[in-house]
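Please model the complete structure; the sequences and the hints are all you need to start from.
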Amino acid sequence: MTKQVATYRLDGLSCTNCAAKFVKNIEAIPGVEAVDLNFGAAKLNVAGNVTVEQLEEAGKFDHIKVRPAHVKRAHKIPFYRNKAHLPFAIAIVLFMIGVYCSFALGEESWYTRALFIGTIIVGGYALFMDGLKQLIKLNFDMNVLMTIAIIGATLIGEIQEGAMVVLLFAISEALESYAMEQSRNSIQSLIDLSPEVALKQAGLEYQEVSVEDLIVGDIVRILPGKKVPIDGIVVQGHSNVNQASITGESIPVSKSVHDEVYSGTLNESAQLEVRVTKRSHETKLAQMIHLVEEAQSEKAPTQQFVDKFAQYYTPLIMAIALLVIVVPPLFGGDFKHYLYQGLSVLVVGCPCALVVSTPVAIVTAIGSAARRGILIKGGIHLENAGRLDTIAFDKTGTLTKGEPVVIERVDLVDLTEDDFKLIYTLESDAGHPLSKAIVNNLNSKEQLELSHYEVVTALGVQGVHRGITYRIGQRKFFNLNTHDALMIDSIERAGTTKVLFGTVDKVKAIFFIQDTVRAEAKEVIQSLNNANINTIMLTGDNASVADAIGHTLGVQHVYSELLPEDKLNLIKAQQRQARHIAMVGDGVNDAPALAQADVGFSMGGAATDTAIETADITFMKDDLTDLPDVIQLSKRTLNTIKQNIGFALGLKLIAILLVIPGWLTLWIAIFADMGATLLVTLNSLRLMRK
Numbered sequence: 001m002t003k004q005v006a007t008y009r010l011d012g013l014s015c016t017n018c019a020a021k022f023v024k025n026i027e028a029i030p031g032v033e034a035v036d037l038n039f040g041a042a043k044l045n046v047a048g049n050v051t052v053e054q055l056e057e058a059g060k061f062d063h064i065k066v067r068p069a070h071v072k073r074a075h076k077i078p079f080y081r082n083k084a085h086l087p088f089a090i091a092i093v094l095f096m097i098g099v100y101c102s103f104a105l106g107e108e109s110w111y112t113r114a115l116f117i118g119t120i121i122v123g124g125y126a127l128f129m130d131g132l133k134q135l136i137k138l139n140f141d142m143n144v145l146m147t148i149a150i151i152g153a154t155l156i157g158e159i160q161e162g163a164m165v166v167l168l169f170a171i172s173e174a175l176e177s178y179a180m181e182q183s184r185n186s187i188q189s190l191i192d193l194s195p196e197v198a199l200k201q202a203g204l205e206y207q208e209v210s211v212e213d214l215i216v217g218d219i220v221r222i223l224p225g226k227k228v229p230i231d232g233i234v235v236q237g238h239s240n241v242n243q244a245s246i247t248g249e250s251i252p253v254s255k256s257v258h259d260e261v262y263s264g265t266l267n268e269s270a271q272l273e274v275r276v277t278k279r280s281h282e283t284k285l286a287q288m289i290h291l292v293e294e295a296q297s298e299k300a301p302t303q304q305f306v307d308k309f310a311q312y313y314t315p316l317i318m319a320i321a322l323l324v325i326v327v328p329p330l331f332g333g334d335f336k337h338y339l340y341q342g343l344s345v346l347v348v349g350c351p352c353a354l355v356v357s358t359p360v361a362i363v364t365a366i367g368s369a370a371r372r373g374i375l376i377k378g379g380i381h382l383e384n385a386g387r388l389d390t391i392a393f394d395k396t397g398t399l400t401k402g403e404p405v406v407i408e409r410v411d412l413v414d415l416t417e418d419d420f421k422l423i424y425t426l427e428s429d430a431g432h433p434l435s436k437a438i439v440n441n442l443n444s445k446e447q448l449e450l451s452h453y454e455v456v457t458a459l460g461v462q463g464v465h466r467g468i469t470y471r472i473g474q475r476k477f478f479n480l481n482t483h484d485a486l487m488i489d490s491i492e493r494a495g496t497t498k499v500l501f502g503t504v505d506k507v508k509a510i511f512f513i514q515d516t517v518r519a520e521a522k523e524v525i526q527s528l529n530n531a532n533i534n535t536i537m538l539t540g541d542n543a544s545v546a547d548a549i550g551h552t553l554g555v556q557h558v559y560s561e562l563l564p565e566d567k568l569n570l571i572k573a574q575q576r577q578a579r580h581i582a583m584v585g586d587g588v589n590d591a592p593a594l595a596q597a598d599v600g601f602s603m604g605g606a607a608t609d610t611a612i613e614t615a616d617i618t619f620m621k622d623d624l625t626d627l628p629d630v631i632q633l634s635k636r637t638l639n640t641i642k643q644n645i646g647f648a649l650g651l652k653l654i655a656i657l658l659v660i661p662g663w664l665t666l667w668i669a670i671f672a673d674m675g676a677t678l679l680v681t682l683n684s685l686r687l688m689r690k
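Quick note on numbering: the sequence shown equals residues 1 to 690 in my numbering.
These are calculated hints, taken from the structure and not from any lab test. A couple of the hints might just be wrong.
Straight-line distance between alpha carbons at most 30 Å, and here's what the computed BS3-like set of lysine-lysine pairs gives [what the hints assert, rightly or not]:
(1) LYS401 - LYS336
(2) LYS133 - LYS60
(3) LYS421 - LYS401
(4) LYS133 - LYS83
(5) LYS60 - LYS83
(6) LYS621 - LYS226
(7) LYS476 - LYS572
(8) LYS445 - LYS522
(9) LYS522 - LYS401
(10) LYS476 - LYS436
(11) LYS621 - LYS227
These figures come from a predicted structure and were not determined experimentally.
Okay, here's the thing in structure tokens:
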């Protein structure tokens, strides 16, 4: 029987090679059944009997610290107080004294040499132990390359350079670790948003309890200046709530009775009483954290290519180093000189910079977007967004606000009180925005008994009352005679949607409904058109309404009166023309088209669970201006990755070419390796800027 899976957070996980080694060490622990490590999110899932102490022992080689997922990160220990850095500090001191002695006593002094050897042993002990273990297993990772190079340099008398390589390699590792920590800060900041305790109502009093102990239906009090601990509905009070942590909105939102509030948001001005609607692991914040972590665990296509390339890269570097050492001496070259050159090739060929070139950029970009209320579900979707040449938009709720209103009602017969009750009964549970508009327009809020109630997709709603079938919906939902059809078709109101009410073959009333275009929609469409991205509007609405809105916004192509399957087929048709197409919708009715598109964008609105789960990328603050931002972020990320790979390989290639004139030294090699890692790190962290 499978053991319960325990989840842990990791601090100090520095590189992908270390992550793979950490997993192998955990798998070797007796009682462990399965291990899943999310490197990007520094999150570990372990099935089996294991303690935190055993896990930390498995990660001791990289100073990995382990804590249960519910335990928040402790304050970071300053560098000078971290015992793990003591060997490095001692090595630095030994090296500096050694450099002084080399000037005062000469490089050949036994005292000077002893200091440099001490630097190598103290600073490189952990590196050597791991490198030798991996060498025995014929696993040629970067530690093996560095171990061979440093020991080789020492054996041929280049002790000072060997000591310098040890120190610079440690600095390079620290830079890589810093890069990953910075890129993970976006997730950690989301995790840190959630309060650990809440004030729960217990009779006439309020008690402080753990947020994890809250259940649906509990009443919690949220004081001004405090964070909302859980998702819920306001039952008493009125306050301004800052939702920037969830939606990215900078302006606080007014909340009163019946309004939703979300865990991690900030109650700014007054006390609120809130009824809990979700457990702590089900909140919108928890869902966001989960989705971002899953996204960062998925390898983007570019990263998969780099990882595969790296498998061949390291053996290739070792082969080049061997050729440099062996071939020139066969033709009279100095063996010691070319042995030194070959060792330098091993150092410069260290794959650190190449390995981190893609994941640091992807993790940073996804985390940066999450902080702005944009959920990207994986590196592949981030990359695909930058390649789009066509974007299809659903109309209602996407290009428009999705809050239509009835602007006019035309009665073809005198409506009775029962007719109004029938309309309310048919529309009150239909769930469509047009139905809501009609319900809001009615004075009567009473229902009649209906049988055979049915919502007919893309047509309307029908039900039977006293043996007569009543319908409300589109014109084609009714079986009209020619005279009535012509008469009804002649009644039009420009830019409105026409909804008919009556029996199967007789229309009694016509509702004219108009939706409001989003304020930012026209500007967004214009910016996409200017960027040579084709814009398409897909809607189930009638042609006249669709054309009017499409013309107002400047959409290039408008397709109207579509069923969900029609939208899906149009997406497929675009893909058959080799188009890279995205679909922007509400995540519910447009689910088939969202799933088929190369990238599915969902307008979060109230950020429904369905909307978040359906799409590849979700805009939590329900703002179309996030769309061009994501496309721009994607292009920046792709460019950054290309630059990183160029930096990583270019610097190393230049250094290796220095072998030809015999100019490559261990100093140059380690500076080239460290320089590539530093460039890749800093270049990737630029993606944190908006």
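Checked hints:
Annotation: proposed proximity of LYS401 to LYS336 is violated, straight-line Cα distance about 75 Å (limit 30 Å). Between the alpha carbons of LYS133 and LYS60 the distance comes to roughly 15 Å, so the proposed pair stays at or under 30 Å and holds. Pair hint LYS421 plus LYS401 holds up; C-alpha atoms about 28 Å apart against a cutoff of 30 Å. At roughly 24 Å between alpha-carbon atoms, LYS133 and LYS83 fall within 30 Å of each other, so this suggested pair holds.
With a C-alpha separation of about 13 Å, the suggested pairing of LYS60 with LYS83 holds against the 30 Å cut-off. Restraint check for LYS621 and LYS226: the C-alpha separation of about 22 Å stays at or below 30 Å, so the hint holds. Of the pairs offered as hints, the one joining LYS476 and LYS572 holds, with about 26 Å between alpha carbons and a cut-off of 30 Å not exceeded. Of the pairs offered as hints, the one joining LYS445 and LYS522 is violated, with about 37 Å between alpha carbons and a cut-off of 30 Å exceeded.
Taking the CA atoms of LYS522 and LYS401, the gap is near 13 Å; set against the 30 Å cutoff, the hint holds. For the proposed pair LYS476 and LYS436, the alpha carbon gap of about 21 Å is at most 30 Å, so the pair holds. The straight-line distance between the Cα atoms of LYS621 and LYS227 is roughly 19 Å, inside the 30 Å bound, and the hint therefore holds.
Going down the numbered hints, you'll see the structure goes against 1 and 8, while the others check out.
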